[in-house]
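Please work from the sequences and hints to get the whole structure.
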Amino acid sequence: MSSPGESLSSEGSSSLLPPCLGLSERNMGHRAGAAWEMEDTKPCMEALEHCGFPGLYLSCFDMLFTEDSTWLVKVSEASPGLACAVPVPVPRMAHGEEPEQCPVIDSQALGLSPGLEGQEEERSLEQVQSMVVGEVLKDIETACKLLNITPDPMEWSSGNVQKWLLWTEHLYRLPQAGKTFQEQTGKDLCAMSEDDFRQRVPQCGDTLHAHLDIWKSAAWMKERCSVGDSKITGGEELWLEADSSCSGQPIHLWQFLRELLLKPHNYGRCIRWLNKEKGIFKIEDSAHVARLWGRRKNRPAMNYDKLSRSIRQYYKKGIIRKPDVSQRLVYQFVHPV
DNA sequence: TACCAGGATGACT
DNA sequence: AGTCATCCTGGTA
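Just so we're aligned, residue 1 is where the first sequence starts under the working numbering, counting upward by one.
The set of hints was computed from the structure by calculation and includes no laboratory data.
Hints may be right or wrong, so weigh each one.
The calculated lysine-lysine pairs, modelled on DSS-like cross-linking and capped at a C-alpha distance of 30 Å, are [said to hold, decoys possible]: (1) 322 x 297; (2) 282 x 316; (3) 278 x 306; (4) 276 x 297; (5) 306 x 322; (6) 187 x 278; (7) 306 x 317; (8) 317 x 297; (9) 317 x 282.
Estimated spans, in silico, between C-beta atoms of each pair [stated by the list, open to error]: (10) 250 x 327: 27 to 33 Å; (11) 170 x 193: 21 to 27 Å; (12) 252 x 330: 31 to 37 Å; (13) 318 x 157: 40 to 46 Å; (14) 326 x 303: 46 to 52 Å; (15) 334 x 196: 55 to 61 Å; (16) 297 x 335: 21 to 27 Å; (17) 328 x 188: 25 to 31 Å; (18) 195 x 275: 37 to 43 Å; (19) 300 x 278: 32 to 38 Å.
Glycine included, each C-beta is placed from N, C-alpha and C at the ideal position.
Encoded structure:
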């Protein structure tokens with residue numbers, strides 16, 4: 001797919017927030033620590049209105065597909081109950097205003113350094129992830145029924161776009177932007193970058209772009225997983241399974257790496273393109289990528305040493321090589337997409 | 001210390 | 001046979 005969230009690529013590992021979160025947090029903030037029941041997260045506009053809730057903050061969808069279990073730990077620590085993993089937006093703050101409080105609780109402060117997270121904990125987090133992912137997908141489905149539009153933004157007519165805009169504006173109490181996108185089809189919208197959105201609607205363009213990203217991601221995932229019997233295990237696995245394993249073929253390492261690279265939204269923090277055209281990429285977090293690969297192949301003992309050995313096997317085969325100017329953790333696909 | 005290069009070997013499909 | 005995991009030695013930054 002058109003890699004939703006490409007614009008949300010890594011902002012550097014120094015940030016406490018995962019890259020996928022950065023934009024949304026910046027844009028919208030949310031009610032930290034609020035305890036929500038799952039039932040409350042249904043985007044029933046009527047109920048939401050009556051309750052005075054602007055609606056479910058769908059950007060959690062982004063987060064769920066990250067490997068950032070740290071984030072989930074943070075959220076779940078922040079408030080009890082499953083639904084606490086679903087942030088809920090507050091009315092939009094003034095433009096340029098920074099969120100008063102970052103909802104993220106540093107896991108290290110909780111004595112949960114990323115390297116020490118137990119497998120069991122990860123498993124339960126995955127269960128939480130899968131449940132929340134399911135809820136978010138249901139929410140989008142409900143919205144589609146309400147609006148009578150398809151889940152895939154690429155298929156939207158200009159009328160559908162207007163409906164979606166109205167709905168999103170209403171749900172998230174955004175300034176009206178419908179006129180700005182008049183005559184735009186879903187395809188047009190999908191082709192627009194975050195900057196394009198911002199230029200057209202300075203007040204909430206980035207927010208709209210973020211929400212569109214979520215829809216694109218959901219549509220992409222639905223499409224990829226509607227065929228075949230790929231299991232939905234939740235969170236990151238869901239993404240990874242959604243690709244190569246849908247075909248039933250064992251995944252190759254180079255395919256796996258490419259998949260990660262195609263989802264900067266989710267993995268931009270651990271692997272990213274340096275030059276997509278030339279196929280040059282950098283592994284930003286070698287241990288993380290190795291862990292992902294190990295999990296994917298059910299090899300708990302996988303590490304970057306072994307992974308990199310496998311990458312080097314590709315040298316001879318002409319699949320991956322070191323770029324002309326060799327750099328640490330930087331490789332190049334011989335045949336870029 | 002982390003990364004890199006590549007040989008050897010065995011498991012698995 | 002192909003792919004990959006694993007282990008290894010030795011080199012570099």
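Verification of the hints:
1. 322 x 297: Within the cut-off at roughly 24 Å; holds.
2. 282 x 316: Between residue 282 and residue 316 the Cα gap is close to 20 Å, so the pair holds against 30 Å.
3. 278 x 306: holds (25 Å)
4. 276 x 297: holds (26 Å)
5. 306 x 322: holds (17 Å)
6. 187 x 278: With Cα atoms ~26 Å apart, residue 187 and residue 278 stay inside 30 Å; holds.
7. 306 x 317: Between residue 306 and residue 317 the Cα gap is close to 18 Å, so the pair holds against 30 Å.
8. 317 x 297: Roughly 21 Å between the alpha carbons, so the hint for residue 317 and residue 297 holds.
9. 317 x 282: Given that 30 Å is the threshold and the Cα spacing comes to 20 Å, the pair holds.
10. 250 x 327: 27 to 33 Å: Since residue 250 and residue 327 have Cβ atoms about 30 Å apart, the given range 27 to 33 Å holds.
11. 170 x 193: 21 to 27 Å: holds (25 Å)
12. 252 x 330: 31 to 37 Å: violated (20 Å)
13. 318 x 157: 40 to 46 Å: holds (45 Å)
14. 326 x 303: 46 to 52 Å: violated (21 Å)
15. 334 x 196: 55 to 61 Å: Violated - the Cβ-Cβ distance for residue 334 and residue 196, about 33 Å, lies outside 55 to 61 Å.
16. 297 x 335: 21 to 27 Å: holds (23 Å)
17. 328 x 188: 25 to 31 Å: At 41 Å between Cβs, range violated.
18. 195 x 275: 37 to 43 Å: violated (20 Å)
19. 300 x 278: 32 to 38 Å: Given range 32 to 38 Å: holds, Cβ gap about 34 Å.
Going down the numbered hints, you'll see the structure goes against 12, 14, 15, 17 and 18, while the others check out.
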